[in-house]
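The numbering of the sequence shown is the numbering used here, which starts it at 1 and goes up by one.
A portion of the hints provided could be inaccurate.
[Stated by the list, open to error] In silico DMTMM-like links for lysine to aspartate or glutamate, alpha-carbon gap of 20 Å or less:
no. : residue 1 : residue 2
1   : K103      : E299
2   : K183      : E118
3   : K176      : E86
4   : K85       : D164
5   : K78       : D164
6   : K103      : E177
To be clear, the hints were calculated from the coordinates, so they are not data collected in a lab.
Everything numeric in this text was worked out from a predicted model, so none of it was measured.
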Amino acid sequence: MTSSTGRGFTHPRADANAVLACAATLALCACTTTSAVVPAASPMLPGAASPSVTEAVPEIRPGVLAGYLGRDLPDSLKLLPAPPKEGSAAFRNDQAVSRASQKLRGTARDVLAASDAELGFPHVAGAFSCALGVPVSQDQSPRLYRLLRRTLTDAGLATYAAKDHYRRTRPFVFYKEGTCAPKDEAALRNDGSFPSGHTSIGWTWALVLTQVAPDRTDALLARGRAFGESRLVCNAHWQSDVLAGRTIASATFARLQSDTAFQADVAAAAREVQSLRAGGDAPSSDCAAEAAALAMPIEGVQ
1 MTSSTGRGFT HPRADANAVL ACAATLALCA CTTTSAVVPA ASPMLPGAAS
51 PSVTEAVPEI RPGVLAGYLG RDLPDSLKLL PAPPKEGSAA FRNDQAVSRA
101 SQKLRGTARD VLAASDAELG FPHVAGAFSC ALGVPVSQDQ SPRLYRLLRR
151 TLTDAGLATY AAKDHYRRTR PFVFYKEGTC APKDEAALRN DGSFPSGHTS
201 IGWTWALVLT QVAPDRTDAL LARGRAFGES RLVCNAHWQS DVLAGRTIAS
251 ATFARLQSDT AFQADVAAAA REVQSLRAGG DAPSSDCAAE AAALAMPIEG
301 VQ
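Model the full structure from these sequences, guided by the hints.
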C-alpha cells in the first residue's frame with residue numbers, strides 16, 4: 001500500500017501506532033475531520049431514515065478516514081505463521097505462481113490489476129460496482145462510500161504487525177523487475193510483503209458487501225478473490241502473502257460484527273443499494289471487459 005495524498009497508505013511501526021492512537025483518542029489529537037454529507041437528492045427507500053448531514057468521521061491522515069476498530073484490530077503477528085523461507089517447498093511454490101502470473105503482463109488482466117493497485121478514492125470505490133450491480137460514489141451512495149473508506153483503514157492497518165515484523169522482500173525486488181504501478185515501487189520496497197494489505201482490503205470489502213447485498217454473494221466474493229490475486233499479476237506479492245491477507249481480512253470482518261457504528265452503516269448502505277436498483281441505476285464501468293479480464297486464470301493459484 002502506498003502513501004501519497006488521497007491514495008492508500010504505508011505505515012512504519014511508529015507511524016501506525018501514532019495513527020491508531022489518534023483514532024482512539026480524538027479529543028487529544030489534532031486530527032482533520034471530514035463530514036459525511038448526504039446530498040438532498042440522494043435516493044432513499046420510502047420510510048428509510050436519512051443519515052444525518054452533520055455526521056463527521058476523523059481523517060487519520062489526509063484522505064484516509066479513521067476505521068471503526070481503533071486499537072481493537074486483529075493481531076496479524078499472532079494470527080499468521082511465518083512466511084515461507086527461501087529454498088523451502090512453500091517458497092518454491094510461491095516462485096512458480098509468481099512466474100506464471102507474469103505471463104499475464106500486457107494483457108487485459110494486467111490492466112485490471114493496475115486498476116486494482118490504486119487504492120485512492122474516488123477511483124477504488126468502483127472496484128466492486130460490477131459485482132454489486134450498481135454504481136458506487138460519494139454522491140449516489142454516500143453511506144456505502146464511507147463504509148468502504150473506513151473498512152479500508154481497518155483492513156489495511158490490521159496487516160502491519162506482521163508486515164513490520166517479517167519485512168518480507170517482494171517478488172519484484174527479489175527478481176529485480178518492475179510492477180504494474182511503477183510510481184508505487186519506491187514505497188513498496190520498504191513495505192513488507194507479508195501479508196498483502198491490498199488483499200486484506202479487497203477481501204474485507206467482499207465480505208462486508210455480502211452483508212449489504214446478500215443476493216450478490218458469489219459475484220462479490222469472486223471479485224474479492226480477484227482483487228487480491230491482482231497483486232500477483234502486478235508482481236507486488238507472493239501467493240502466500242495473498243492467502244495470509246485473506247486471513248487477516250476474515251479476522252477484521254469478524255471484529256467488525258460487534259461494532260454498532262459499522263452495523264448502522266451496513267444497514268444504511270443496503271438501503272442505498274436497494275434504492276439504486278429500484279431506480280435502474282447501472283454501474284458506469286465496462287463490466288463486460290472486467291468479466292473478460294477476470295476469466296484469464298493464473299496457473300497454480302490456490
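Quick rundown of the hints versus the structure:
no.	hint	result
1	K103 x E299	holds (9 Å)
2	K183 x E118	holds (11 Å)
3	K176 x E86	holds (16 Å)
4	K85 x D164	holds (17 Å)
5	K78 x D164	holds (13 Å)
6	K103 x E177	holds (14 Å)
Violation of the numbered hints given earlier is absent; every hint is satisfied by the structure.
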